[in-house]
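There are 2 protein chains.
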Amino acid sequence: MSGNTTSQHISKQFDNELEHIRTRVLSMGGLVEQQLTNALRALTEANIELGQSVIDEEIKVNTLEVAIDEECTRILARRQPAAGDLRLLVAVAKTITDLERVGDEAEKIAKMAIHLAGKQGPRSYYIGINAMGIHVRKMLHGSLDAFARMDSKAAVEVAGKEPESDEQYVAILRQLITYMMEDPRSITSSLDAVWVARAMERIGDHARNICESVIYFVEGKDVRHISIEQMEREVGAK
Amino acid sequence: MSGNTTSQHISKQFDNELEHIRTRVLSMGGLVEQQLTNALRALTEANIELGQSVIDEEIKVNTLEVAIDEECTRILARRQPAAGDLRLLVAVAKTITDLERVGDEAEKIAKMAIHLAGKQGPRSYYIGINAMGIHVRKMLHGSLDAFARMDSKAAVEVAGKEPESDEQYVAILRQLITYMMEDPRSITSSLDAVWVARAMERIGDHARNICESVIYFVEGKDVRHISIEQMEREVGAK
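These protein sequence lines map, in sequence, to chains A and B.
Reading the first sequence from the start, the letters are residues 231 to 468 in our numbering.
Reading the second sequence from the start, the letters are residues 231 to 468 in our numbering.
One or more of the hints may lead you astray.
Any copy will do: because identical chains look the same in the list, a pair fits if it lies in one copy or spans two.
Said to hold, decoys possible - Once the Cα atoms are required to be at most 30 Å apart in a straight line, the calculated DSS-like pairs of lysine-lysine come out as:
no., residue 1, residue 2
1, 391, 341
2, 338, 368
3, 338, 391
4, 391, 290
5, 290, 451
6, 349, 391
7, 338, 451
8, 242, 338
9, 242, 341
10, 368, 451
11, 242, 368
12, 242, 391
Simulated from the structure, these hints should not be mistaken for lab results.
Based on the sequences and whatever the hints tell you, model everything.
Put into structure tokens, the structure is as follows:
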């Protein structure tokens with residue numbers, strides 16, 4: 231871990247513990263990213279097997295969350311950390327909750343991919359959905375990157391991309407409503423597509439949450455429920 | 231606080247701090263419950279003003295979450311709690327996150343209530359939506375009650391009601407799809423109703439999460455990602 235906080239520790243063992251938990255969060259992040267990538271591929275390629283593999287792997291994400299959460303609580307109890315170390319553990323606890331939820335959303339996308347794979351119908355709205363999928367995957371990747379480097383400026387930048395995913399969601403929804411009105415037989419499968427877009431929007435939210443945890447750790451400030459502009463000021467003002 | 235954990239504290243001041251944070255969580259819970267009640271009333275009574283008041287009050291919920299979260303971190307840093315006290319603070323941190331999200335969902339319901347208030351159309355599906363609203367509000371109330379009494383058996387019972395809200399959601403969705411197919415002009419407003427049902431389903435999820443935090447505190451066991459049957463065994467086996 232870069233930064234001044236842990237380098238001042240007398241206990242080398244404690245440093246190792248913090249480093250270990252950070253590494254585990256990043257491997258959990260890698261797994262969740264892979265789940266999302268596979269879910270998106272399953273959707274665009276109508277690949278039922280790949281979709282099923284995402285569903286099968288979901289348990290690994292859940293298991294990791296519970297294990298890291300336990301490790302967090304154990305360190306809290308044994309080491310009684312203060313200041314930056316305490317904030318790191320809080321940021322870790324929040325981040326794994328978000329990652330677990332991204333995993334849930336990836337699983338939902340995979341289920342919808344399987345659902346949609348067998349169906350016919352114009353796939354024009356897929357273009358919007360693919361673009362949105364690429365956008366939120368980038369956001370997730372960026373948030374994990376900011377976490378790995380504990381870079382609050384990068385975190386603000388990634389968080390600032392969330393409004394775009396909201397706009398994409400609204401545009402897709404509008405397109406799907408038009409489509410459902412034109413062809414009511416498509417309502418069921420269009421709703422599946424709505425859920426996919428909704429899941430992606432939530433992944434964007436979670437990526438933003440992870441960024442907020444990074445900012446909380448680095449800056450010691452709670453930046454939830456504030457605008458991106460305020461966030462930039464908080465980080466810039468450091 | 232009943233139980234053996236805090237009664238053994240040498241520091242009376244620490245007891246007071248834990249009691250204080252518990253009280254604050256319960257007032258936040260009361261506020262969120264009120265928000266949900268008002269959002270549901272705004273929906274059934276097509277009451278735009280009441281809906282708007284839910285939106286206006288949302289900031290109070292967010293502010294409380296941030297304040298309690300800070301208090302939690304401060305106690306963690308100063309008191310270096312172990313065992314039950316540490317679990318209490320972890321349960322508090324998780325519970326307020328869930329409560330804040332219930333507040334978000336109540337706000338969404340209020341927005342949809344305003345949206346739907348001006349529209350005409352058969353309200354037959356409202357019966358299902360009302361029943362679901364009553365169900366998840368009861369779940370939320372039950373989860374806060376279990377938290378107030380730190381009663382893990384009550385928590386398991388409330389968590390066991392979540393599958394019912396999932397079933398209600400699926401039934402409402404099916405009804406709305408039929409309705410959209412019969413009258414494509416209703417698609418936009420029907421989708422609003424879908425979002426309402428979706429928001430309610432998520433409130434049920436959060437109530438279950440709160441129950442899991444109560445069980446974690448009382449039993450010292452992480453019961454996420456397991457079935458209700460396993461949960462009952464964990465609590466019964468104590």
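query = Are the CA atoms of residue 338 and residue 451 at most 30 Å apart within a copy, between copies, both, or neither?
reply = For residue 338 and residue 451, only the inter-copy Cα distance (27 Å) is at most 30 Å; the intra-copy one is 33 Å.
- When no copy is named, should residue 242 and residue 368 be tagged within, between, both, or neither for a Cα gap of at most 30 Å? neither (35 Å within a copy, 50 Å between copies)
Open item on the list: As a check of your reading, is residue 242 near residue 341 (CA-CA no more than 30 Å) within one copy, between copies, both or neither?
Closed with: For residue 242 and residue 341, the Cα distance exceeds 30 Å both inside one copy (45 Å) and across copies (53 Å).
Using 30 Å as the alpha-carbon threshold, which applies to residue 338 and residue 391: within, between, both, or neither? both (23 Å within a copy, 22 Å between copies)
* When no copy is named, should residue 290 and residue 451 be tagged within, between, both, or neither for a Cα gap of at most 30 Å? -> Between. Shortest inter-copy distance 19 Å satisfies the 30 Å Cα cut-off; intra-copy 32 Å does not.
Is it within a copy, between copies, both, or neither that the alpha carbon of residue 349 lies no farther than 30 Å from that of residue 391? Classified as neither; 33 Å inside a copy, 34 Å across copies.
Checklist entry - Are the CA atoms of residue 391 and residue 290 at most 30 Å apart within a copy, between copies, both, or neither? => result both (29 Å within a copy, 26 Å between copies)
### Task
Could you figure out if residue 338 and residue 368 sit no more than 30 Å apart (CA to CA) within one copy, between two copies, both or neither?
both (19 Å within a copy, 27 Å between copies)
With identical chains, the pair residue 242 and residue 338 could be close in the same copy or across copies; at 30 Å between alpha carbons, which is it: within, between, both, or neither? neither (42 Å within a copy, 48 Å between copies)
At 30 Å max between alpha carbons, let me know whether residue 242 reaches residue 391 within a copy, between copies, both or neither. neither (38 Å within a copy, 48 Å between copies)
Could you figure out if residue 391 and residue 341 sit no more than 30 Å apart (CA to CA) within one copy, between two copies, both or neither?
-> Both, since 26 Å and 24 Å are each at most 30 Å.
For this session: With 30 Å as the alpha-carbon cut-off, assign the pair residue 368 and residue 451 to within, between, both or neither.
Result: within (25 Å within a copy, 35 Å between copies)
Violated hints, listed in ascending order, are 6, 8, 9, 11, 12; each of the other numbered hints is respected by the structure.
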